[in-house]
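Asker: Sequence:
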Amino acid sequence: MFSKTISKAYYRKLLWKIDLFLLPLMWFSYGTQQADKNSLSTQAVFGIREDTGLISDQFNWLSTGFYLSFLIFEAPGNWLMQQVHTGRFLGVVMILWGVVVLVVAFAKNFTHLIILRIIQGALECTISPAFLLITGAWYKSHEHAFRSVIWATSNGGMNIITGVISYAIAEHAQNNPNGLAAWKGISLFLGALTIVLGILVFFILGTPREVRWLSRDERRAAISRVVANKTGSDREQRSEFKWDQAIQTLKDPQTYFFFFVTIINALPSSANTGTAPSFAVGIVWFLLCGWPSLRNPNIRFYLMLFSLLPAFAGLIALGLLPTDSMKWTRWGLYIMQATGTLPGLLIWTFVPSNVAGRTKKTVMTTVLFVAYSTGAAIGGQIIRPEDAPKYIRGLTVSGILYGVDFFCMLLWRTYYIFENRRRAKIIQDRGISQEESERLGKLNAEADMTDQENIHFIYQF
1 MFSKTISKAY
11 YRKLLWKIDL
21 FLLPLMWFSY
31 GTQQADKNSL
41 STQAVFGIRE
51 DTGLISDQFN
61 WLSTGFYLSF
71 LIFEAPGNWL
81 MQQVHTGRFL
91 GVVMILWGVV
101 VLVVAFAKNF
111 THLIILRIIQ
121 GALECTISPA
131 FLLITGAWYK
141 SHEHAFRSVI
151 WATSNGGMNI
161 ITGVISYAIA
171 EHAQNNPNGL
181 AAWKGISLFL
191 GALTIVLGIL
201 VFFILGTPRE
211 VRWLSRDERR
221 AAISRVVANK
231 TGSDREQRSE
241 FKWDQAIQTL
251 KDPQTYFFFF
261 VTIINALPSS
271 ANTGTAPSFA
281 VGIVWFLLCG
291 WPSLRNPNIR
301 FYLMLFSLLP
311 AFAGLIALGL
321 LPTDSMKWTR
331 WGLYIMQATG
341 TLPGLLIWTF
351 VPSNVAGRTK
361 KTVMTTVLFV
371 AYSTGAAIGG
381 QIIRPEDAPK
391 YIRGLTVSGI
401 LYGVDFFCML
411 LWRTYYIFEN
421 RRRAKIIQDR
431 GISQEESERL
441 GKLNAEADMT
451 DQENIHFIYQ
461 F
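Heads up: the sequence shown begins at 1 in the working numbering, then just goes up one per residue.
Check before you lean on any hint, since a few could be wrong.
Claimed, not checked - Taking lysine-lysine pairs in the PhoX-like style, the calculated list, with each CA pair at most 20 Å apart, reads:
{"hint": "1", "residue 1": "LYS13", "residue 2": "LYS140"}
{"hint": "2", "residue 1": "LYS140", "residue 2": "LYS8"}
{"hint": "3", "residue 1": "LYS17", "residue 2": "LYS140"}
{"hint": "4", "residue 1": "LYS140", "residue 2": "LYS442"}
Hints are computed from structural coordinates only; laboratory data are not their basis.
Whenever a hint applies, use it, and build me the whole structure from the sequences.
Answerer: So, in structure tokens, the structure goes:
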């Protein structure tokens with residue numbers, strides 16, 4: 001194998017180069033997408049409701065409409081991404097949704113806004129699947145969680161940065177009342193930022209086979225280092241859609257764990273909006289939990305389960321405490337919700353780690369993000385204005401969902417352990433050595449076999 005002729009020092013240097021090219025741009029791009037998606041919450045503070053004549057629950061429907069569109073276009077978006085250059089496809093999509101965010105500044109009413117949000121959802125639905133594909137193509141299984149955590153911390157980081165800039169825009173608008181409205185300035189800023197990042201993504205991001213910033217030897221080394229994942233490398237373009245893999249995905253038990261656990265987790269996470277302090281706590285929590293996964297790759301479920309506990313306890317306590325006192329206690333309990341967002345991301349990382357076969361990955365990713373958008377669309381309706389000020393109904397439902405989420409994750413982890421032991425027994429009964437099993441597993445993966453077909457595949461948990 002080519003990988004045996006390369007020193008560890010060469011691989012370390014190559015990994016550093018990969019990180020420098022990919023992670024900063026992925027951080028800013030993913031964070032900006034999150035800021036674009038959530039920008040209406042900030043714009044609501046600065047007059048978008050009044051200027052566009054939004055009434056009743058129309059504002060909530062702007063969020064729901066976004067996620068419904070996200071859901072509908074997930075499958076065609078992922079299929080198209082399999083056919084073309086990943087980075088260029090994502091770059092074009094980012095430029096287009098940047099234009100949409102810009103045009104929000106010219107919206108006059110609910111109809112304009114809901115149309116733009118639907119288009120925005122259709123375009124933004126591909127960034128997370130693309131980033132999972134890129135993460136799986138470049139990194140080893142034990143690196144997936146921490147590298148994903150790095151670019152996912154931008155959800156909080158960029159929301160803090162864009163929040164500060166948005167308030168600066170608002171202050172300028174307040175000092176110039178005859179000028180551009182603050183919410184319009186925010187749209188123009190975010191739209192322009194997205195377009196610039198989209199151009200960078202077009203030229204820089206992609207899989208090892210696609211990018212231009214690797215030499216020939218670096219490209220071969222980058223591909224060879226991920227062969228051990230047994231999920232299939234980026235050595236060849238695989239644009240053919242294999243219906244047998246798609247059907248197999250629907251029969252795979254882990255498909256239903258991905259689907260239901262993602263929905264259950266997305267419901268309470270989407271119901272609770274973040275603030276700068278909670279974003280900051282979330283960033284620290286993500287990094288603290290992500291770092292140990294580099295040395296102990298099979299602790300992801302433990303990290304997910306542990307992260308649910310503060311969020312669950314905080315929600316239940318918020319629903320029980322009085323609203324007219326204990327302000328700082330309630331604030332602290334609200335901040336605890338930041339830990340509940342980590343499991344959602346770590347669920348995503350099981351796709352590059354535990355799903356093999358190019359078509360199966362595409363279908364599984366679609367299932368995952370259809371579930372995510374379904375949960376997020378419904379979650380936006382859990383906290384209702386009529387339940388103010390205690391929101392007992394919404395908080396109770398969210399707390400119960402975290403409890404159900406905890407139980408389902410335990411079942412999922414048990415399934416992976418059972419499946420690994422079953423495969424190990426079959427391999428032992430056939431008299432296959434560990435070294436030979438490892439070799440056969442890699443060969444099968446490079447032949448585009450799925451994780452179910454490849455008996456030598458080992459699930460990460």
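Asker: Please flag the earlier hints that this structure goes against, numbers listed from lowest up.
Answerer: none
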